[in-house]
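Visitor: Position chains G and P against the provided structure of chain X, taking the given hints into account.
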Amino acid sequence: MRKILLLKNIYEIFKSIYLTNIKFRIGFIIFIIILFFGFIVSSFAPVDPTRWYTFPKDLPPSFEHPLGTTTMGRSVFWMLVESIKKSLIIAFTTAMIASHVGLFLGMIAGLKGGVVDKVLMMITDVFIVIPSLPVLILLVSLLKDYLNLYLLGALISIFSWPWPSRQIRGIVLSLRERGFMKTASLSGMPFFRIILLEIMPFVLGWHLINFTNTILYSISSEAGLAILGLSLLSDATLGVMIYWAHMQWYALMRGIWWWVVSPVVTLILIFTSLYLISIGLSEYLNPRLRQRGA
Amino acid sequence: MSEKTLLIENLKGGYLLGNKYVDAVSNITMLVKDNEVLGIAGESGCGKSTLIKMIYGYIKYPLIVKNGKVNLKMNNTWVNILKLNEEDRRKNIWWKYISYIPQNSLNVLNPTSRIKDHFAEILSLHRGLKKEEAYELASEYLKEMELPIEVLNAYPHQLSGGMRQRVVIALALLLKPRLILADEPTTALDVIIQRGILTLLLETQRKLKNTLILVTHDMGIHAMLTDRIAIMYAGKIIEVGGTKEIFNNPLHPYTKILIESLVKIGEKKLRRGIKGMPPDLTAPPSGCRFHPRCPLATEICSLKEPYLIKASNDHFVACHKINEGIKL
Amino acid sequence: MRVSLGLIKYIALRTFFYIFTIFVALTVIFFLIRLAPGNPIENIIELMLSQGSVYDPEAINMLRNSLYEMFGLKGSLFEQYINFMRRLLVFDFGPSLSNFPTPAIELIMMRLPWTIGLLSMTTIISWMVGNLLGALAGFFERSKFSKILQGIALTLYPIPYYVMALVMIFLFTYLIPLFPLSGGISILSEKITLEVITNLIWHAMLPALSLIIIGTLGWWFMSSRTLTINTKTEDYVTYAEIRGVSENRILRKYIIRNILMPQVTALGLALGSIFSGALLTEVIFAYPGLGDLLWRAINARDYNTIMGVTSLSTIAVATATYILDLIYPLIDPRVRYK
Chain X
40 MRKILLLKNI YEIFKSIYLT NIKFRIGFII FIIILFFGFI VSSFAPVDPT
90 RWYTFPKDLP PSFEHPLGTT TMGRSVFWML VESIKKSLII AFTTAMIASH
140 VGLFLGMIAG LKGGVVDKVL MMITDVFIVI PSLPVLILLV SLLKDYLNLY
190 LLGALISIFS WPWPSRQIRG IVLSLRERGF MKTASLSGMP FFRIILLEIM
240 PFVLGWHLIN FTNTILYSIS SEAGLAILGL SLLSDATLGV MIYWAHMQWY
290 ALMRGIWWWV VSPVVTLILI FTSLYLISIG LSEYLNPRLR QRGA
Chain G
213 MSEKTLLIEN LKGGYLLGNK YVDAVSNITM LVKDNEVLGI AGESGCGKST
263 LIKMIYGYIK YPLIVKNGKV NLKMNNTWVN ILKLNEEDRR KNIWWKYISY
313 IPQNSLNVLN PTSRIKDHFA EILSLHRGLK KEEAYELASE YLKEMELPIE
363 VLNAYPHQLS GGMRQRVVIA LALLLKPRLI LADEPTTALD VIIQRGILTL
413 LLETQRKLKN TLILVTHDMG IHAMLTDRIA IMYAGKIIEV GGTKEIFNNP
463 LHPYTKILIE SLVKIGEKKL RRGIKGMPPD LTAPPSGCRF HPRCPLATEI
513 CSLKEPYLIK ASNDHFVACH KINEGIKL
Chain P
13 MRVSLGLIKY IALRTFFYIF TIFVALTVIF FLIRLAPGNP IENIIELMLS
63 QGSVYDPEAI NMLRNSLYEM FGLKGSLFEQ YINFMRRLLV FDFGPSLSNF
113 PTPAIELIMM RLPWTIGLLS MTTIISWMVG NLLGALAGFF ERSKFSKILQ
163 GIALTLYPIP YYVMALVMIF LFTYLIPLFP LSGGISILSE KITLEVITNL
213 IWHAMLPALS LIIIGTLGWW FMSSRTLTIN TKTEDYVTYA EIRGVSENRI
263 LRKYIIRNIL MPQVTALGLA LGSIFSGALL TEVIFAYPGL GDLLWRAINA
313 RDYNTIMGVT SLSTIAVATA TYILDLIYPL IDPRVRYK
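Protein chains in written order, with this note's numbering: chain X, 40 to 333; chain G, 213 to 540; chain P, 13 to 350.
So that you can see chain X by itself, here it is in the shape it has in the complex (with noise of 0.2 Å):
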């Protein structure tokens, strides 16, 4: 009963944001179609899209082959939306991991204060500071042969979990500053409780704004690593894709240009519409801007 009763107000608040927020309306509806391509039509496909020489080279777009074929072969299109699917189970991998470690971290520090606070506050700015690309090529280049999708999108995590928490923690922080904390703990009511009932509803927004924003994080850091050799490349991400067209077939170059282009484009459509979403939320959430938002 309790569960529907919160489905429905989840709803509530969805269809809120979604009719007063035109950023948040456009950016979700293109992450759907995208969702819809990845998921749904990928597993439409006629072979198995990974296979070499399936088709013959480097098609240009035509109603057969609606992205053309790749000099290896391959349907682009139906290398596309495989590309996707694992782009985005990468991403929401590390999503998952360093979401919820962000928000563990942050509200023990935002909750504790003191050395605790500080402690953690400087281990989080160690690993802001550290430029995350070296560290990862180091371990992905050592790793190569254990690598698989969730193992990627676990240690794209271990630089993406910083932000999140600095950031709940800051939510945090300004709550307790807000006193009604304090009144209620002063009122008698256990400390886990007044977690719950009175800190919960707002760092979940926030913590949705973060999920969002570490999938564009890790998809951007996974397609980095592509780029450079440094993933899955017998398997399809979107970064590997342009990895095998531009950086090992100079696609470009030889005049193939549909091969390197849809996955950009793909790549910009995911980013833009991932992060419409994320500044969607984000008004939603600050009542100041929620009028010019509209």
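Be aware that a few hints might be false.
Stated by the list, open to error - Derived coverage of chain P by chain G (criterion: at least 3 residues anywhere in the stretch with Cβ under 8 Å from a Cβ of chain G; other residues may be distant): (1) 208-218; (2) 238-249; (3) 258-269.
Please keep in mind that the hints were generated in silico from the structure rather than gathered at the bench. The model shown is predicted, which means the values in this text are computed figures rather than measured ones. Quick reminder that beta carbons are idealized off the backbone N, C-alpha and C, glycines included.
Guide: Showing chains G and P alone in chain X's frame:
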């Protein structure tokens, strides 16, 4: 025999919120004399701050002026501040003729500017002084105001709340304006500092012989400082008159309750509150805006709006009940 | 400048953080290397033999020794750690495995100026121009120019540098061939002539533009616009308006002056990502900096060089952040005093 310095006629204005309009200042007509301290009293949300902003001429969206004039006597002519364009106001009126002490002074000073630069800014803007000259003048001025000179080199965050407020007041009085608008200058300060600030304001007024309009909900401050008081409720002035007179003989039911709220030493009577809440100014009550909460309300109070009627020399009140008594 | 206790505490804390960061990073690298599966050393030697990089038996032994040291199969863990740290802090990364016996540090040093040049130029320009544009857009929020730029920024902000690099390549080397696809310079010359400089700039144009466009109109524009909009409503800005301070002066002294502080802090936090992004952009353009070096090293399994670039990158970014931390009190009086 005091000269008139400020004449407000039928001033009406408020805030646009979405498609609603908050009627914060509703048909106010008021006369302010030279060399006096006028207090404006009333609870939060009655429109005092809005009225002050409109007198100053600081009209910024979503604040709008619907009607009325704010006439200031300058060089023996009356000038309607609201009719001037903003450039004019900035250059000629603001800070020179009228100055404004804001409600919350904790954050009104530029955190990246030293206090002496705050002074220099005003002096260079309005008197064309160069930095060095301005610094010197500021030093002299602080001595006059009995503020420590070390303050000049400090940044705002290095000063206590009370000191910051005194700096703000010093800045406001720098160009010796004819009219000072002080909006709750002592809220959020502790009592001892409050007293110092109020003394400062009062002494300056006596020295310059100008006009001080003091807005505060604290009736105790009104009792101490003001020559005349205007009581505001829900955007209307409901009673105005000499301070002594009003405290000795409050006529409007609302005023009576306000004054009774003051604690007198030795008195053990239970304080009375007013039932209900201040009205929603997007849809104000008909007739007398106080009638939903008034213990003396009758039918006419909900139908017709009472206007300020002279009850005695320099004592005006807007209330049907009282007006009946006066007419009789 | 009077030095307050608060300032000393601040500097001490930032210094500790700087050293701590480098220490943590190098320790992480130390343990990472030990993650390599199997016996990496024999693998590497085999690889190098097959590639024909080494054949002198004495050199092979020397290499084997240094690799043993590096990958920690010599001495106790603690000893290895100390040796490792000692070597790393003098930038001794051992010989490059693909360019044996050239020390890895030499290869890195050849590439470093290119990367630093590209990075520092583009970061400074992006930060300054982006912040200024954003402040103007935030200040004149309702103007057309502000709304148009905001629209552009919304699309650019989430795009990583290297994606922009790919777009740039598509537009300006394929569609409209204006710029070279790769490299840093295409003229061989000893002297620095105008021709050389022009050629340098021509090659650096697209990589630099990729970084600048995203940086300026994306990151810094967005953040400074939002900051400005929030600062506009601060009490001290309202009070300045009330005092009659001119719009121009408010923009300069009250708004821009006050958004500088959080933006410098933000720059410090962003340096890591900016650096990573720049590396990838270099790879895409085969620009002769550290990025391109990494690309080659990865392909050739030159772990020494990879480790070298990783360590150096971390130290470089941490140092730049530290310098920014030290500059910060100069612009924020609240940290300088008390």
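Visitor: Run every hint past the structure and note whether it holds.
Guide: For each hint, the structure was consulted:
1. Evaluation of the coverage hint for the segment 208-218 of chain P: breached, as 0 residues show C-beta separations to chain G shorter than 8 Å, against a requirement of three.
2. Here the segment 238-249 of chain P counts 3 residues with a CB under 8 Å from a CB of chain G, which clears the bar of 3, and the coverage holds.
3. Residue count for the segment 258-269 of chain P with a Cβ under 8 Å from a Cβ of chain G: 5. That meets the three needed, and the coverage hint holds.
Hint compliance for this structure: hint 1 is the single one not met.
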